[in-house]
Amino acid sequence: MLLALFAGGAQPEAAGLIPAPWDKLAHLTLFAVLALLLRGGLGLPAWLALLIALGIGAADEFHQAGLPGRFAGLDDWLADLVGALLGLALLRLWGRRTRA
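Using this note's numbering, the first residue of the sequence shown is number 171, and each one after it goes up by one.
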């Protein structure tokens, strides 16, 4: 998943592949899944899963800043944050439902 994020995003044809505002939905979805995997799959504490997801999001934006036709954006990173928080919240809600 991370390889697809960095290697796929580095391709020149990736620029503008997902038009706005749908690109934010893609960020949100990807980082929700990432947080779910970090927390649910690896069993990391929620705070650490969030921190790692945000670090990966920041690294992705930094990486894009140096690519032709690509731009780093705080709005993309904020979509990553919302996605990671949503993924963690869904996992928590699902855990409550299975225990009830």
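Quick caveat, the hints were computed from the structure, so don't treat them as lab data. It is possible that part of the hints are untrue.
Have a look at the derived ranges for each label pair, beta carbon to beta carbon [said to hold, decoys possible]:
(1) F241 - L195: 16 to 26 Å
(2) P238 - L260: 28 to 38 Å
(3) A259 - P238: 33 to 43 Å
Backbone N, C-alpha and C define an ideal beta-carbon position, used for all residues, glycine too.
Tell me the numbers of any earlier hints that the structure contravenes, in ascending order. none
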